[in-house]
Every structure is written in C-alpha cells, then in structure tokens.
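There are 2 protein chains.
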Amino acid sequence: MAITIRDVPELQHAADDVRRAGKCIAVVPTMGFLHEGHLSLIRTARQHADIVITTVFVNPTQFGPSEDLERYPRNLERDVLAATAAGTDYVFAPDTKSLYPDGYLTFVTPDRLGSVLEGKSRPGHFRGVATIVAKLFNITKPHKAVFGQKDAQQVVVIRHMIRDLNFDIELIVVPTVREPDGLAMSSRNTYLSREERSQAPVLYQSLKLAEQRMRGNEKTSANIIKEMTALITSSSPGVIDYISIADANTLEELPVCQEHRRHLISLAVRFGKTRLIDNITVTL
Amino acid sequence: MAITIRDVPELQHAADDVRRAGKCIAVVPTMGFLHEGHLSLIRTARQHADIVITTVFVNPTQFGPSEDLERYPRNLERDVLAATAAGTDYVFAPDTKSLYPDGYLTFVTPDRLGSVLEGKSRPGHFRGVATIVAKLFNITKPHKAVFGQKDAQQVVVIRHMIRDLNFDIELIVVPTVREPDGLAMSSRNTYLSREERSQAPVLYQSLKLAEQRMRGNEKTSANIIKEMTALITSSSPGVIDYISIADANTLEELPVCQEHRRHLISLAVRFGKTRLIDNITVTL
Chain A
1 MAITIRDVPE LQHAADDVRR AGKCIAVVPT MGFLHEGHLS LIRTARQHAD IVITTVFVNP
61 TQFGPSEDLE RYPRNLERDV LAATAAGTDY VFAPDTKSLY PDGYLTFVTP DRLGSVLEGK
121 SRPGHFRGVA TIVAKLFNIT KPHKAVFGQK DAQQVVVIRH MIRDLNFDIE LIVVPTVREP
181 DGLAMSSRNT YLSREERSQA PVLYQSLKLA EQRMRGNEKT SANIIKEMTA LITSSSPGVI
241 DYISIADANT LEELPVCQEH RRHLISLAVR FGKTRLIDNI TVTL
Chain B
285 MAITIRDVPE LQHAADDVRR AGKCIAVVPT MGFLHEGHLS LIRTARQHAD IVITTVFVNP
345 TQFGPSEDLE RYPRNLERDV LAATAAGTDY VFAPDTKSLY PDGYLTFVTP DRLGSVLEGK
405 SRPGHFRGVA TIVAKLFNIT KPHKAVFGQK DAQQVVVIRH MIRDLNFDIE LIVVPTVREP
465 DGLAMSSRNT YLSREERSQA PVLYQSLKLA EQRMRGNEKT SANIIKEMTA LITSSSPGVI
525 DYISIADANT LEELPVCQEH RRHLISLAVR FGKTRLIDNI TVTL
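From first to last, the protein sequence lines stand for chains A and B. Here my numbering is used: the first residue of the first sequence is 1, the next is one more, and so on. Here my numbering is used: the first residue of the second sequence is 285, the next is one more, and so on.
For the record, the hints were derived by calculation from the structure and aren't laboratory data. Glycine residues also receive a C-beta, built at the ideal position from the N, C-alpha and C atoms. Treat the hints with caution; some may be incorrect.
[Stated by the list, open to error] Listed next, with one range per pair, are the computed distances between beta-carbon atoms:
{"hint": "1", "chain 1": "A", "residue 1": "Thr-229", "chain 2": "B", "residue 2": "Glu-537", "range": "51 to 59 Å"}
{"hint": "2", "chain 1": "A", "residue 1": "Arg-20", "chain 2": "B", "residue 2": "Pro-521", "range": "36 to 44 Å"}
{"hint": "3", "chain 1": "A", "residue 1": "His-260", "chain 2": "B", "residue 2": "Ile-524", "range": "58 to 66 Å"}
{"hint": "4", "chain 1": "B", "residue 1": "Glu-354", "chain 2": "A", "residue 2": "Ala-21", "range": "41 to 49 Å"}
Build the full structure now, drawing on both the sequences and the hints.
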C-alpha cells in the first residue's frame, strides 16, 4: 500500500532521501476522486520514475466563489487503493490549513495565459492552479511532473511556469482517456443526470467533426465553430460557454487554420449545472 | 577562484551533484557591485553551508520604468574576486535573456506586502523581487538563503514567499553593515556627491533618535516621525519619501508603539537623484 503523508516537511524529507539515493521522482497532482484518466497519469509516471508521488488535494484557490468547491466529490480511502494499484509509492493528502495558513498571500500569476478561454469564464482559476502546482513542486521535489491533456490550458500554463520560474522539472503530458462513447473522463461526470450523460458525448463528436473539416477544405475557424455549435445544440440542451480554435502553445485565437501549426480546438459546455470541458489538438 | 557559471542548467546540475553528495548549499542573491554588506552575507553563508553560491544579476523586473536600471553600477570581474575572497564557491552571473526569454509571463506576487512602504513608491518592485528570488531558488537549489536586513521589506516578502510557496529553504538574515559614520552600505551610495555623502548619515541618526524616544516615554509614532523629519530636513536637503513605524512581521503601520512588538522603523529619502533607504528594528 502507498504511504499516505499529510505533513509538508515529512514529505520534503522523504523526497530529499529519495533524491540523495540518486533516484528519480515523478509527481501526479490531482484533486482526487480518481478515475481512469488519473490512473493513466499514474501508470505513465510509474514508467518514467523510480518513485511516484500522487497528490490528492481539492485546491480552494482555483475555485470561484460560485463554483463547486463544497460539492466536489472526495473519497481518499478509495483514491489510496486505486493510486496504489496504478503504481503510486506516496499519496500526499494535506489539509487545507496546512497549505493555506492564516495570512497566506503569495500567488503565482500566469498573466495573459490565465485570462483567455477557461480563464475568461473562471477568473482567478489559473492563478490558483499555478500557485498550488508551484507549492506541490516545492513539496514533492520531483524530476518529472505528469499532467493530462484533458486540461489543455492548465498544461500550457504549467509549461510556461516551469520555463519562466526555472523549475528543473520535465513535463509529461498524457492523452485524454475517454469512455467508450467518447466522453472525456472527469470527476465532474458524476454530476450528470442519466439523460445528460447520454447527450454529453456530442462534445467529442463536435471536436472530431472540426478535425474532419479542418483536414478537409474548411480553413475558416468561424465556419468550423458554427458547425460545431449546430451539432451540439441540435442534439443536446447543452449551453455553450465557448468554442475556440487557438494556437496550442500560445493560446492565441486563430481565425484561419494554418499548415504546420498545432491547433487546440477546445470547448466548454454546460449540461444543467455541470460544466464540461474537452479538447483535441490538430496539426495540419 | 570561484567558478563562474552563466548557464541555468549547468548550475542546476552542479547543485544536484552537491546535494547528492549530502552537502549543504547556501545562496546569496545580489545585484553585484559587491560592498562590505554583501561580503558580510557571503561570510555568513560560508559559516552555515558546505557550498556557497553568490548570484550576480541586475534584475530588470524589479526596476520601474523611470528608475536606474541602466546606470546601476556593474563590475563582474571585481565581484568574482571579492566573492571568492569572502568564501564563495560558485558565482552565478546569467544574462538577462536567459532568465527572461521572449514570451516571459509568469510572476510571483506578494500581494499587500508588496504595495506598502517601498512598494508604494516603487509599484511592481516586490513582484520583481519575489519572482527573481523564486527563479534563483529553483536554479541554485539551496538549503539556506542569506539576505541583508538593509532591505527589510524584501526580507519580509521573501520570508512570506518561502512559507507560502513551501520552499524548503532556511532564511538567514544578516544585520546591516554600516560605514564608520553610520551610513548603511549600498551600491547606490556611489551615486552621491561629496556633499550628499557627508549629509547622508543623518538617516541613521534619525533612526537612532527614534529608538531613543521609543525606549523613553514617547509611544506615539506620529510624534516620533515628526522629530525624525525635523532632524533630517534641518541638517540636509534630503527629500523624505516616507518614514514608517510598522510591525516588523506584517508591515502594518503602528500608530502607537507597543510592548513586546518588534517595530520596524524604516525610511526612504532622496538626496538629489539618489534614493536611499535604511531601517532598524526595535523590540520594546
């Protein structure tokens, strides 16, 4: 069974010992309630390192005041079992007070990368993400960090943070794991009613439609987005928050799809109270 | 002679090797043009660690647009000699482009601690300080970091950053080194005309006057500040930017001096184009 650690200095000392022994550490930061997507991150970490640390922490600073912090699903006992089976050596599960003590005030800000796409709908979200990941890096002292492509903008923010703040950490990005019908795995899928769940795969279908059009003759993003919108709204009651075709590295919107560019096609859609996101990248 | 390194990954690898050997690293971040104050930091680091890294980098992000970035004095060759003599093993002297490449956008923000006192006069200064120090921590991977009490607010900002971002680093603060007449050592003292130089010791005299009054019967900060102002303006043409009596940990202004509190008495005064700062702490 993986060793569960709740105390920051205890994990830092354990990480120091591992490093002094010349071994490689990979960290998998999660908010817990682990599903196949997370386990795929842990299995990837297992392949790339001697010691795998999975962190389980529902980070309050990345939730907006009207968001689902309180009702976000939690089940540490099950997470430890699943993380262990997937190859985790340590589970770091701190309480909120130990990571955000009274008088907390230092944040890591991702500037423009944090204010577009998800950041437009969720102000402050990526400041919270960058801050907690910087903290977890300093606590777990990893050589490698494993994140999922599901949260594409998070990956871009973290990639920039690693470069800008000179973290000596290799970023490993793992493809999105999907249900058999294409729905991207997410802890928030548990919020969906049975009907919403049956409609939600249209998100991935719309992304694949966009790829098909883009690889065909349609290069105008607005036209592609119009088709995606039509598909989603005709086959579900989903309310579109945004659909975007952007440069996958800079997140700049691309009005026209270009050869040799890596395009990030991403979207956020509300099904009732549940906000789902998904994305694919396409290089022409 | 200390080994001079300009390349980020090269220093990170050197630091890894030192750590794997079970040795302790102390870093002394400086902007170069080393004087006795810096050398006192290096000597302290020498006493507390196996390996001392002195960083020499005039950090552009902590200068305002109208400040003295361009004319800030530089002399790397002399710095390496002096740092070596004081006990430095490595001098890290990167160029600006390698620390702030094109597209740089991630900053560490110290919130309220960065917007009072020096931060009021120098907007963005402490964001720049916190950011470069976080970067230098990730590059030099120290167990200990040594800073001077001369930059009192910087110490408070860094102390909070270390705690908030969970840097596993011990902060060591070294008393201000002064010229025989009391003037705090500073690279900016070289800007002073002979006349200004002869007047500048009044800053420290005013701080000592404040301590004397505070340890006497005067507990009202406004009265003490009035006396300090009178002393400075009567014996020099110095233009006072601020004089403050604040809690030394939170930087909250204290209208009344209190038993058992650590008071930070600090000031900034312009002599011609040169802005000088100084401070003392007093615990009643």
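How the hints compare with the structure:
Between Thr-229 of chain A and Glu-537 of chain B the C-beta distance comes to about 55 Å, which sits within the given range of 51 to 59 Å. A hinted range of 36 to 44 Å for the beta carbons of Arg-20 of chain A and Pro-521 of chain B is inconsistent with their spacing of about 58 Å. For the hinted restraint 58 to 66 Å between His-260 of chain A and Ile-524 of chain B, the CB-CB distance of approximately 59 Å keeps it satisfied. The given range of 41 to 49 Å is respected by Glu-354 of chain B and Ala-21 of chain A, whose C-beta atoms sit roughly 48 Å from each other.
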